[in-house]
Amino acid sequence: MTSLFEPIELGSIYAKNRILMAPLTRGRSTRDHVPTPIMAEYYAQRAGAGLIISEATGISREGLGWPYAPGLWSQEQVEAWKPITAAVHAKGGKIVAQLWHMGRMVHSSVTGQQPVSCSATKAPEALHTYDGKQAPEVARPLTKEDIARILNDYENAARNALQAGFDGVQIHAANGYLIDEFLRDGTNHRSDEYGGSPENRIRFLREVTERVIATIGAHKTSVRLSPNGDTQGCIDSHPGQVFVPAAKLLNDLDIAFLELREPGPNGTFGKTDQPKLHGPIREVFRKPLVLNQDYTREEAIETVATGVADAIAFGRPFLANPDLVRRLEDNLPQNKDDIRTWYSQGAEGYTDYPLAR
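Here our numbering is used: the first residue of the sequence shown is 1, the next is one more, and so on.
Take the hints with a grain of salt, since some may be wrong.
Straight-line distance between alpha carbons at most 16 Å, and here's what the computed EDC-like set of lysine to aspartate or glutamate pairs gives [stated by the list, open to error]:
hint	residue 1	residue 2
1	287	9
2	336	352
3	336	294
4	91	323
5	336	323
6	287	310
By construction, these hints were calculated from the structure, which means they are not laboratory data. Small disclaimer: the values here were computed from a predicted structure and weren't measured.
Model the full structure from these sequences, guided by the hints.
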(Lines of atoms letter the chains of each structure in order from A; the text may use other names.)
(Lines give C-alpha, C1' and ligand atoms only; values in the text may rest on other atoms or scores of the structure.)
Protein backbone atom coordinates (compact mmCIF):
# COMPACT_ATOMS: atom_id res chain seq x y z
CA MET A 1 0.00 0.00 0.00
CA THR A 2 1.26 3.46 -0.92
CA SER A 3 2.11 5.83 1.90
CA LEU A 4 1.24 9.54 1.97
CA PHE A 5 4.80 10.10 3.16
CA GLU A 6 6.68 8.34 0.36
CA PRO A 7 8.08 10.00 -2.77
CA ILE A 8 6.28 10.44 -6.08
CA GLU A 9 7.29 11.61 -9.53
CA LEU A 10 5.09 14.41 -10.85
CA GLY A 11 6.27 14.72 -14.42
CA SER A 12 9.87 15.91 -14.19
CA ILE A 13 9.51 16.76 -10.49
CA TYR A 14 10.69 14.30 -7.86
CA ALA A 15 8.53 15.05 -4.81
CA LYS A 16 9.87 13.71 -1.51
CA ASN A 17 6.35 13.03 -0.20
CA ARG A 18 2.77 13.09 -1.44
CA ILE A 19 1.69 16.13 0.57
CA LEU A 20 1.33 19.16 -1.70
CA MET A 21 0.93 22.73 -0.54
CA ALA A 22 -2.11 24.07 -2.39
CA PRO A 23 -2.09 27.61 -3.81
CA LEU A 24 -2.91 30.18 -1.14
CA THR A 25 -3.47 33.85 -1.98
CA ARG A 26 -1.68 35.93 0.68
CA GLY A 27 -1.36 39.50 -0.69
CA ARG A 28 2.26 40.19 0.23
CA SER A 29 3.45 41.60 -3.11
CA THR A 30 3.64 45.28 -4.05
CA ARG A 31 0.78 47.29 -5.48
CA ASP A 32 2.41 46.74 -8.88
CA HIS A 33 2.24 42.96 -8.30
CA VAL A 34 5.98 42.49 -7.75
CA PRO A 35 6.95 39.78 -5.20
CA THR A 36 8.68 40.97 -2.01
CA PRO A 37 11.58 39.52 0.03
CA ILE A 38 9.38 38.28 2.89
CA MET A 39 7.82 35.81 0.47
CA ALA A 40 11.14 33.94 0.26
CA GLU A 41 11.03 33.29 3.99
CA TYR A 42 7.37 32.21 3.85
CA TYR A 43 7.82 29.68 1.06
CA ALA A 44 11.16 28.37 2.39
CA GLN A 45 9.50 27.67 5.74
CA ARG A 46 7.09 25.33 3.92
CA ALA A 47 9.66 23.55 1.75
CA GLY A 48 8.95 20.29 3.59
CA ALA A 49 5.98 19.80 1.27
CA GLY A 50 6.56 17.31 -1.54
CA LEU A 51 5.65 20.16 -3.87
CA ILE A 52 4.59 23.76 -3.28
CA ILE A 53 2.05 25.19 -5.70
CA SER A 54 2.54 28.94 -5.51
CA GLU A 55 -0.20 31.38 -4.73
CA ALA A 56 -2.20 32.23 -7.85
CA THR A 57 0.04 34.44 -10.00
CA GLY A 58 -1.23 36.74 -12.72
CA ILE A 59 -0.32 36.21 -16.37
CA SER A 60 -1.22 39.82 -17.25
CA ARG A 61 -2.37 43.04 -15.72
CA GLU A 62 -5.78 42.48 -17.33
CA GLY A 63 -6.16 39.15 -15.55
CA LEU A 64 -4.93 40.10 -12.06
CA GLY A 65 -7.48 41.91 -9.95
CA TRP A 66 -6.46 40.76 -6.48
CA PRO A 67 -4.76 43.51 -4.44
CA TYR A 68 -1.09 42.86 -3.70
CA ALA A 69 -1.05 39.50 -5.52
CA PRO A 70 2.07 38.68 -7.58
CA GLY A 71 2.42 38.52 -11.35
CA LEU A 72 4.70 36.87 -13.89
CA TRP A 73 4.35 39.06 -16.98
CA SER A 74 7.29 41.44 -16.52
CA GLN A 75 11.04 41.05 -16.14
CA GLU A 76 10.87 42.92 -12.84
CA GLN A 77 8.51 40.28 -11.50
CA VAL A 78 10.74 37.47 -12.80
CA GLU A 79 13.77 38.91 -11.01
CA ALA A 80 11.78 39.30 -7.78
CA TRP A 81 10.66 35.66 -7.92
CA LYS A 82 14.22 34.32 -8.33
CA PRO A 83 15.29 34.61 -4.67
CA ILE A 84 11.98 33.03 -3.62
CA THR A 85 12.39 29.90 -5.73
CA ALA A 86 16.06 29.76 -4.76
CA ALA A 87 15.13 29.84 -1.06
CA VAL A 88 12.76 26.89 -1.55
CA HIS A 89 15.39 24.92 -3.45
CA ALA A 90 18.01 25.66 -0.79
CA LYS A 91 15.74 23.93 1.73
CA GLY A 92 15.33 20.90 -0.54
CA GLY A 93 11.85 21.84 -1.77
CA LYS A 94 10.16 22.05 -5.15
CA ILE A 95 7.81 24.79 -6.32
CA VAL A 96 5.61 25.43 -9.37
CA ALA A 97 3.90 28.66 -10.34
CA GLN A 98 0.12 28.69 -10.59
CA LEU A 99 -0.81 30.75 -13.66
CA TRP A 100 -3.93 32.85 -13.15
CA HIS A 101 -6.33 34.87 -15.26
CA MET A 102 -9.24 35.93 -13.06
CA GLY A 103 -11.70 36.62 -15.87
CA ARG A 104 -14.79 38.41 -14.60
CA MET A 105 -13.53 38.28 -10.99
CA VAL A 106 -11.54 41.52 -11.33
CA HIS A 107 -12.54 45.13 -10.80
CA SER A 108 -11.49 47.91 -13.14
CA SER A 109 -10.19 49.99 -10.22
CA VAL A 110 -7.41 47.39 -9.80
CA THR A 111 -6.57 46.57 -13.43
CA GLY A 112 -7.56 49.82 -15.14
CA GLN A 113 -9.59 47.75 -17.61
CA GLN A 114 -13.10 46.35 -17.92
CA PRO A 115 -13.18 42.72 -16.79
CA VAL A 116 -13.35 40.09 -19.54
CA SER A 117 -14.93 36.66 -19.74
CA CYS A 118 -16.35 34.21 -22.24
CA SER A 119 -19.74 35.97 -22.01
CA ALA A 120 -21.27 39.19 -20.71
CA THR A 121 -21.84 38.11 -17.10
CA LYS A 122 -20.73 39.49 -13.76
CA ALA A 123 -19.57 38.06 -10.46
CA PRO A 124 -22.31 37.44 -7.89
CA GLU A 125 -20.71 39.32 -5.00
CA ALA A 126 -18.53 42.34 -4.26
CA LEU A 127 -14.88 42.08 -5.31
CA HIS A 128 -11.66 42.82 -3.43
CA THR A 129 -10.03 46.13 -4.42
CA TYR A 130 -7.48 48.49 -2.93
CA ASP A 131 -10.41 50.57 -1.66
CA GLY A 132 -12.27 47.72 0.01
CA LYS A 133 -14.93 45.57 -1.59
CA GLN A 134 -16.74 47.04 -4.60
CA ALA A 135 -19.70 45.93 -6.69
CA PRO A 136 -18.85 43.66 -9.64
CA GLU A 137 -18.94 44.91 -13.21
CA VAL A 138 -20.31 43.22 -16.32
CA ALA A 139 -17.52 41.48 -18.20
CA ARG A 140 -16.75 42.19 -21.84
CA PRO A 141 -17.07 39.00 -23.93
CA LEU A 142 -13.74 37.98 -25.38
CA THR A 143 -13.30 38.14 -29.14
CA LYS A 144 -11.24 35.54 -30.99
CA GLU A 145 -8.48 38.14 -31.26
CA ASP A 146 -8.63 38.56 -27.47
CA ILE A 147 -8.36 34.80 -26.99
CA ALA A 148 -5.29 34.68 -29.24
CA ARG A 149 -3.73 37.49 -27.18
CA ILE A 150 -4.45 35.70 -23.89
CA LEU A 151 -2.87 32.51 -25.21
CA ASN A 152 0.26 34.59 -25.83
CA ASP A 153 0.04 35.81 -22.22
CA TYR A 154 -0.01 32.22 -20.95
CA GLU A 155 3.02 31.40 -23.10
CA ASN A 156 4.90 34.43 -21.80
CA ALA A 157 4.08 33.66 -18.17
CA ALA A 158 5.06 30.00 -18.52
CA ARG A 159 8.40 30.95 -20.04
CA ASN A 160 8.92 33.56 -17.33
CA ALA A 161 8.16 30.97 -14.65
CA LEU A 162 11.07 28.78 -15.71
CA GLN A 163 13.32 31.82 -16.02
CA ALA A 164 12.35 32.73 -12.45
CA GLY A 165 13.46 29.31 -11.22
CA PHE A 166 10.14 27.52 -10.84
CA ASP A 167 10.16 23.75 -11.41
CA GLY A 168 7.05 23.98 -13.59
CA VAL A 169 3.62 25.57 -13.70
CA GLN A 170 0.04 24.79 -12.79
CA ILE A 171 -2.68 26.20 -15.04
CA HIS A 172 -5.45 27.57 -12.81
CA ALA A 173 -8.63 26.29 -14.50
CA ALA A 174 -10.77 26.21 -11.33
CA ASN A 175 -12.72 28.27 -8.81
CA GLY A 176 -14.77 30.46 -11.14
CA TYR A 177 -11.90 32.20 -12.93
CA LEU A 178 -11.47 32.63 -16.68
CA ILE A 179 -10.88 29.05 -17.86
CA ASP A 180 -13.55 27.74 -15.49
CA GLU A 181 -15.98 30.35 -16.83
CA PHE A 182 -15.47 28.87 -20.30
CA LEU A 183 -15.96 25.31 -19.04
CA ARG A 184 -19.33 25.74 -17.30
CA ASP A 185 -22.68 26.29 -18.97
CA GLY A 186 -23.79 28.61 -16.17
CA THR A 187 -21.29 31.25 -17.34
CA ASN A 188 -20.51 30.27 -20.93
CA HIS A 189 -23.33 31.54 -23.18
CA ARG A 190 -21.34 31.68 -26.41
CA SER A 191 -22.68 30.37 -29.72
CA ASP A 192 -19.33 30.06 -31.52
CA GLU A 193 -16.78 27.23 -31.35
CA TYR A 194 -15.98 28.14 -27.72
CA GLY A 195 -19.54 27.65 -26.45
CA GLY A 196 -22.48 25.29 -26.48
CA SER A 197 -21.35 21.66 -26.45
CA PRO A 198 -18.96 20.34 -23.79
CA GLU A 199 -16.34 19.83 -26.50
CA ASN A 200 -16.57 23.49 -27.45
CA ARG A 201 -16.45 24.68 -23.84
CA ILE A 202 -13.31 22.60 -23.28
CA ARG A 203 -11.61 24.23 -26.29
CA PHE A 204 -10.10 27.17 -24.42
CA LEU A 205 -8.65 24.88 -21.73
CA ARG A 206 -7.18 22.71 -24.49
CA GLU A 207 -5.64 25.67 -26.30
CA VAL A 208 -4.12 27.12 -23.11
CA THR A 209 -2.68 23.75 -22.09
CA GLU A 210 -1.31 23.04 -25.55
CA ARG A 211 0.36 26.46 -25.64
CA VAL A 212 1.97 26.00 -22.23
CA ILE A 213 3.14 22.49 -23.16
CA ALA A 214 4.66 23.81 -26.38
CA THR A 215 6.51 26.42 -24.32
CA ILE A 216 7.89 24.42 -21.36
CA GLY A 217 6.97 20.77 -21.97
CA ALA A 218 4.18 18.51 -20.73
CA HIS A 219 6.43 17.14 -17.98
CA LYS A 220 6.46 20.59 -16.34
CA THR A 221 2.76 21.39 -16.89
CA SER A 222 -0.13 20.62 -14.52
CA VAL A 223 -3.74 21.75 -14.25
CA ARG A 224 -6.20 22.49 -11.45
CA LEU A 225 -9.95 21.89 -11.90
CA SER A 226 -12.92 22.29 -9.54
CA PRO A 227 -15.48 19.99 -11.17
CA ASN A 228 -18.38 20.06 -8.72
CA GLY A 229 -20.43 22.75 -7.09
CA ASP A 230 -20.80 26.50 -7.35
CA THR A 231 -17.63 28.55 -7.02
CA GLN A 232 -18.01 32.33 -7.12
CA GLY A 233 -21.25 32.00 -9.09
CA CYS A 234 -19.75 29.58 -11.61
CA ILE A 235 -21.58 26.24 -11.93
CA ASP A 236 -22.41 23.63 -14.55
CA SER A 237 -25.73 21.84 -14.84
CA HIS A 238 -24.12 18.50 -15.79
CA PRO A 239 -20.48 18.68 -14.65
CA GLY A 240 -19.67 15.07 -15.49
CA GLN A 241 -20.38 15.79 -19.15
CA VAL A 242 -17.69 18.45 -19.36
CA PHE A 243 -15.10 17.65 -16.67
CA VAL A 244 -14.63 13.95 -17.41
CA PRO A 245 -13.89 14.67 -21.10
CA ALA A 246 -11.65 17.55 -19.98
CA ALA A 247 -9.68 15.15 -17.79
CA LYS A 248 -9.42 12.67 -20.67
CA LEU A 249 -8.05 15.47 -22.87
CA LEU A 250 -5.45 16.38 -20.24
CA ASN A 251 -4.45 12.73 -19.95
CA ASP A 252 -3.96 12.56 -23.70
CA LEU A 253 -1.85 15.72 -23.56
CA ASP A 254 0.34 13.88 -21.03
CA ILE A 255 0.44 16.61 -18.38
CA ALA A 256 2.48 15.99 -15.23
CA PHE A 257 -0.47 15.81 -12.82
CA LEU A 258 -4.06 16.95 -12.31
CA GLU A 259 -5.36 18.52 -9.09
CA LEU A 260 -9.07 18.52 -8.24
CA ARG A 261 -10.61 20.82 -5.65
CA GLU A 262 -13.85 19.10 -4.62
CA PRO A 263 -16.06 20.50 -1.86
CA GLY A 264 -18.68 18.31 -0.24
CA PRO A 265 -22.05 18.98 1.43
CA ASN A 266 -20.28 19.87 4.70
CA GLY A 267 -17.37 21.77 3.19
CA THR A 268 -15.63 24.45 5.22
CA PHE A 269 -14.75 26.52 2.13
CA GLY A 270 -17.75 26.09 -0.14
CA LYS A 271 -20.50 23.46 0.07
CA THR A 272 -22.36 21.52 -2.61
CA ASP A 273 -24.59 18.50 -3.12
CA GLN A 274 -23.17 17.92 -6.60
CA PRO A 275 -21.27 14.61 -6.43
CA LYS A 276 -17.49 14.58 -6.44
CA LEU A 277 -16.10 13.42 -9.78
CA HIS A 278 -12.69 12.04 -8.86
CA GLY A 279 -13.98 8.48 -9.39
CA PRO A 280 -14.96 8.83 -13.06
CA ILE A 281 -12.04 11.19 -13.66
CA ARG A 282 -9.66 8.58 -12.25
CA GLU A 283 -10.90 6.15 -14.91
CA VAL A 284 -9.79 8.44 -17.76
CA PHE A 285 -6.85 10.27 -16.19
CA ARG A 286 -4.01 7.78 -15.68
CA LYS A 287 -1.27 10.21 -14.63
CA PRO A 288 -0.87 11.31 -10.99
CA LEU A 289 -4.16 12.59 -9.53
CA VAL A 290 -4.10 15.02 -6.59
CA LEU A 291 -7.20 15.68 -4.48
CA ASN A 292 -7.89 18.74 -2.36
CA GLN A 293 -10.51 20.04 0.08
CA ASP A 294 -11.01 19.41 3.77
CA TYR A 295 -8.93 16.23 4.05
CA THR A 296 -8.08 15.15 7.59
CA ARG A 297 -4.84 13.35 8.29
CA GLU A 298 -6.62 10.02 8.44
CA GLU A 299 -8.61 10.62 5.26
CA ALA A 300 -5.48 11.67 3.38
CA ILE A 301 -3.54 8.59 4.46
CA GLU A 302 -6.41 6.28 3.47
CA THR A 303 -7.09 8.02 0.14
CA VAL A 304 -3.51 7.53 -0.98
CA ALA A 305 -3.15 4.05 0.53
CA THR A 306 -6.22 2.76 -1.32
CA GLY A 307 -5.20 4.32 -4.64
CA VAL A 308 -8.15 6.69 -4.87
CA ALA A 309 -5.57 9.44 -5.44
CA ASP A 310 -1.80 9.64 -5.70
CA ALA A 311 -1.32 12.69 -3.46
CA ILE A 312 -3.28 15.16 -1.35
CA ALA A 313 -3.02 18.97 -1.50
CA PHE A 314 -3.53 20.83 1.76
CA GLY A 315 -4.35 24.54 1.73
CA ARG A 316 -5.32 26.35 4.91
CA PRO A 317 -3.44 23.94 7.25
CA PHE A 318 -0.23 25.21 5.64
CA LEU A 319 -1.10 28.82 6.58
CA ALA A 320 -0.43 28.28 10.27
CA ASN A 321 1.78 25.19 10.08
CA PRO A 322 4.94 25.69 8.06
CA ASP A 323 6.03 22.23 9.29
CA LEU A 324 2.73 20.60 8.34
CA VAL A 325 4.38 17.50 6.85
CA ARG A 326 6.11 16.71 10.15
CA ARG A 327 2.90 17.34 12.10
CA LEU A 328 0.98 14.98 9.82
CA GLU A 329 3.63 12.26 9.89
CA ASP A 330 4.02 12.36 13.69
CA ASN A 331 0.32 13.09 14.34
CA LEU A 332 1.10 16.31 16.21
CA PRO A 333 -1.40 19.10 17.04
CA GLN A 334 -1.76 21.90 14.50
CA ASN A 335 -1.71 25.67 14.99
CA LYS A 336 -4.91 27.57 14.21
CA ASP A 337 -4.71 30.23 11.51
CA ASP A 338 -5.94 33.80 11.96
CA ILE A 339 -8.33 34.87 9.18
CA ARG A 340 -7.55 38.55 9.87
CA THR A 341 -4.06 38.08 8.49
CA TRP A 342 -4.81 35.96 5.42
CA TYR A 343 -4.48 38.90 3.01
CA SER A 344 -2.78 41.52 5.16
CA GLN A 345 0.69 42.86 4.52
CA GLY A 346 3.64 42.09 6.79
CA ALA A 347 4.93 39.19 8.86
CA GLU A 348 2.02 38.78 11.28
CA GLY A 349 0.10 35.63 10.44
CA TYR A 350 2.53 34.97 7.60
CA THR A 351 6.01 34.01 8.75
CA ASP A 352 5.56 34.05 12.55
CA TYR A 353 3.71 30.78 13.20
CA PRO A 354 5.72 28.51 15.55
CA LEU A 355 7.12 25.11 14.63
CA ALA A 356 6.14 22.00 16.56
CA ARG A 357 8.40 21.22 19.50
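Right, here's what the structure says about each hint:
1. Distance check on the hinted pair: residue 287 and residue 9 sit about 10 Å apart at the alpha-carbon level, within 16 Å; holds.
2. Simply put, residue 336 and residue 352 have alpha-carbon atoms about 12 Å apart, close enough for the 16 Å limit, and the pair holds.
3. For the given pair, residue 336 sits about 15 Å from residue 294 by alpha-carbon distance, which is consistent with the 16 Å threshold.
4. For the given pair, residue 91 sits about 12 Å from residue 323 by alpha-carbon distance, which is consistent with the 16 Å threshold.
5. For the proposed pair residue 336 and residue 323, the alpha carbon gap of about 13 Å is at most 16 Å, so the pair holds.
6. As the CA atoms of residue 287 and residue 310 are separated by approximately 9 Å, the hinted pair is consistent with the 16 Å bound.
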